[in-house]
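Chemist: This is what each chain is made of:
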Amino acid sequence: MAVAMMESMVTVRDQRGDPANKGLAHAPETAHVIAERFSVFYGCNEAVKKVTMAIPAGKVTAIIGPSGCGKSTLLRAINRMNDLIPGCRTAGSLILDGEEIYGPRIDVTALRRRVGMVFQKPNPFPKTVFDNVAFGPRIHGIRGRTDVASIVEESLRRAALWDEVKDRLHENALGLSGGQQQRLCIARALAVQPELLLMDEPTSALDPLATDRIEDLIGALRGQYTVIIVTHNMQQAARVSDMTAFMYVGELIEFDSTSKLFTSPSEQKTQDYITGRFG
Amino acid sequence: MALTSRKLTDRLFTFVGVSSILLLAAFLLVLLTPITLGGIGAFVFRGTVEHRRMQLELFETGKKADLEADMAAAFEARRPVYEMIAAFEKEIEAQGFLASRKYAEPLQAVKDELRLLLGPAPGEPKPVMYRDQYGQTRWDRARVVLHHLLYDKQYDYSNPDEMGKPIDVPRVNEFKGTALEPLFAYVEQNLDKMLLPRVTLYWGFLTQTSYDSHYFGGVWAELLGTFYLTVGAILFAVPMGVVSAIYLVEYAPATSKLVQLIRTCISTLAGVPSIVFGLFGLAFFINTVGVSQSKSVLAGSLTLSILILPLVIRASEEAIRAVPHTYKEASLSLGAGKWRTIVRVILPSALPGILTGIVISMGRAAGETAPIIYTAAVSVGLPLSLRDTLTQPTPALPWNIYNLCTEHQRVDEIRHVQYGMVFTLVMLVLLLNSVAIYARAKISKRLRG
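Chains W and P supply the protein sequences, listed in that same order.
Residues 1218 to 1496 (the numbering used here) make up the first sequence, in order.
Residues -19 to 429 (the numbering used here) make up the second sequence, in order.
For the record, the hints were derived by calculation from the structure and aren't laboratory data.
Here a beta-carbon is modelled for each residue, glycine too, at the ideal position from N, C-alpha and C.
Simulated restraints on C-beta separations:
#1 W:1424 - P:215: 42 to 52 angstroms
#2 W:1302 - P:247: 24 to 34 angstroms
#3 W:1258 - P:240: 17 to 27 angstroms
So that you can see chain P by itself, here it is in the shape it has in the complex (with noise of 0.2 angstroms):
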């Protein structure tokens, strides 16, 4: 080939490797962004009085004294509010039964803002369901919630060839002349005074569990869960892993037509869909070896185990590999067995190999979501102890992200959770990854010298 292609082929190609991974960047960085973004939010933000009320009286934190001292400046704020509303139906009330027919309904939805934004009005009972015992206790929560206080949301059929516009009437038209009009106007300004929010960095999103479906509180089941699945996964998968690698390595006949059958199966099950890892867990574990009546932990970490098996066994098989020969002749002439060879020399200079393998292994177990479903995750549950993880189920970060965003009541008001359990679970893989990437650049280092 002529030089000057033989140029061109070379920046050409440096150019499409270079620009390919620029690519990747950017997409990882689209993707992590808002992940990052918001998943601080569930730990900083602006949170209300409401949030220090809930955080004492479910979970025992913050100082009393100053919480009431909050407390009785937001019910002064607040009380006008209420104030009003009583004027308004007595007001009505004299004006007979018409009147109060007309307004009973654009009156209740103001009251049943008013209680989402402000918690149940005083004097109410305390209502069952922890979500309706506070108002809103994240200011940005209650600044959408004022908005569905201040318009009602009604679509706009008039031409019929499109689907309805929504738009926003303003709910103080419905009450124009009567001793309700002032609220609105009132509470739009007067919000913070009653909600008294206050920049809060909240470490209890991973510590505290949680009430009424992640209403309130944060991920420590979650997260104890996953940690329980991960390491237990570990805990089955590396022993046996390593010690099948050390076989295919150094025992197994190389020319045996039954140790090919062997290699070409753990590579298939390192392909095989995770969803049908899941079924297995439960058709095997579950049903017929009965190691728990139902999900539990211990089901769960070993389907996870059978999962990341193989991606251990091929780390290992090629960091045993790649130990120099050399070393093992040494060992060898120097009158050690091959056994001894193996523990002293060989798999302590294929450690950092190893690591690896097991590092990617936990990242992979840690975010599995469809083994888990049939054999250890359940969408609501408290942390387990130790030894409640041999037979009980466990919420886990993977399967409880595609709840909430899914499955839960009200999606849209638990965003927050959401995010903060996907930053979570990005976070657990990082450190889980750099607490290995540390380990393993230490030992080599010792064994480079």
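In isolation and in its complexed conformation, chain W is listed as follows (with noise of 0.2 angstroms):
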């Protein structure tokens, strides 16, 4: 795997040059995610056009862009969330730790164990706060009792959640606040020990004060885990990601430190959709 992770790297470097794959502009040396011309397809429709990036590991990564840009779609291809979707298709290379993602011997359950998500509605399961975080651990087979508790509490706490819930760890999740809610899918996510963590526009359904919790939580979770959240919400970008992809129709239009591309963006509609002239 090594080797092919070598060899992916170097064609990603060979490409460099190519004005068409401005993505890879600041490829670091220890991309993760790395996708290649890669294209998503409802029915005719490409949500999803020849994308070509490579997401930095242990690094937080945000994509903007106005709704229906493809983000989203961009983000559960990376998990294969989208095999959900009749008549979803992709083109081009998706490529995790150096694996094809849509090659064809890969095992979706193992990819998406690495692969943790965070979804845009908290959606806990209709069970007790305990039994949702040891959800994953459970059917990957840790069955001893204390293994169980061992984990779930390793996961509230790093979901910052465990002062808030660790009495009512037998109490339905549901009856918890939205903040609370979904800082307990991130923890449920993060139970299964994940590699990289998806989050598509985790805040969207919440409060401002639950808001700022999570985007404290996402700063914490930095440098543990590869992050890529999808946001609607340019502030948030700008506050919680090193890097930043602007996507508008389909089309990764830049991508470059959240830093440069707020500041001194080199592409024409980035500058317009940050400075809020459309979207």
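Make the complex out of the two chains shown on their own, each in a separate frame, by following the hints.
Modeler: This is the structure we're talking about:
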């Protein structure tokens, strides 16, 4: 796998000179996810158009853009949640740790275990707080009571939720507030020990205070996990991310460090979007 | 539309809606009131000493010492009746052959009514039929038989243009001036002393088997049979139905023509008349597959399960579809496979809806008559052991209600049993429903938090 990864890195680097591959302009040595002319189609509609980018490991990458620009579709391609949509197919290559995500021999459940996901609306199971977090470890074969309990505690601590729920572990998760539910979903995703965490507008259903806590949490996860966050909210992208990608009608317009993209974007479209001229 | 006419339409609609609901409630009341009143009559009634004697002799319930004291008192009250008859017989014998012939028929009628009312006369050999071994066990029936003793029902044909009018002719007229004349007044005045009616709470109606095609005893065999059939049907239909529903929702390709055909077939199956299922059960399960030599609980359960299968599939399908998509997404995103997602996330969330479907189909299975006529039900039978359900037919409430109301020898004499059976069936279905509603509420509450 390491060899395959090196090879793909090499090909990626070779293409840096190509102006079509602007997503690779700053490809770091430790790219975690690499898209190469990657497209997603819903029927005949090309929702993501030949995107090429390398998402760095251990950093927070934000994907911004107006509604319908394909940013969620791109995100959901990484753990193949798009498979659920009938008529959805892909072209090009999308590589996680040197492994082709849409390759013929990939085990999708194993992939999803490595790539955690947090959804737009908090979606805890109608089970207890404990059972929610323990769901992942249990289906992956961890049976011992103490093992499960320690994973649950560890995950809840990482999601900065432990202190609030440690006395209500055996109450129904749907009794928690929206923000707590979302952090519970993050804890649930962390409990399967993913390498990568996908967040699909994780705060769009939350109030500002809860949003603030989630953003703090994302900051705390930086370095331990690769985080990819799709957001509508440009300020949020500016606050939490190291790298930002701007997408527009399925195309990747610009991908750069957050500070650069928001202060001196190289594309006119990006400039227009971040200054609020459209979107 | 103008504001006033819009308001008028609203009001009209409210009125129509409320009145149709009220009409429905009224119908329900009209239906349930007699069932309830009549049905309670099977459990609570004024039971005579004959009831207590029958209970002791046939079912060994009740206190022997108390009964013997009661019987002694009752026989003491009845003694003059038999003495009067003996005196009368002596009297007409003395009058010669013509008198004997004149009184033979009316006397026999009186004796028959008396035997119905009080049981066999002292010294008579024990009758073969259970029904003839005891007098009237219920006071309300005893009053009716008393009327038959006192009055002979004749028809008045004086107007040739009309049908004969029934008229009650006092029997006492025929015996004017004989030793039998005082008997009628005596029986009328002393009937309660002869039968000693007492308010009786008779739970045995549920737990006792019947003697002599429901003249005596209860409906235990029918109740047990209905229970076996219902549970059997559920045991077959629920796993099949839920698995089918899972397949249809989660696995079947939605656009496939074949799957659409299957769906249409399921809908059609739900509308097939139940008698057709009965014939199918006979032709398929008994004659073709041969699950049993003839009617059996097993064959009946299988037939009922086919009948309720569409209901179970439909309800489970709806319930599974109603599970929020986000649960499924969350489970899949955690690396759970499809099967695990179904078993651990989707089915638990769909359980309340599935339960509702099971309840509705249980009620349906418990009450269906036509499918079990050919496959499981018999009019008379003993309660079955669990093992016998594989090979033996059983009496069952719905069929026996029909049977007792239409095909019994003396339909009028066992009205209380008919009402009691209907009431028991309604209560059984109600009980099943409330258990499931309770379970459903419990699970929903746990899911909602």
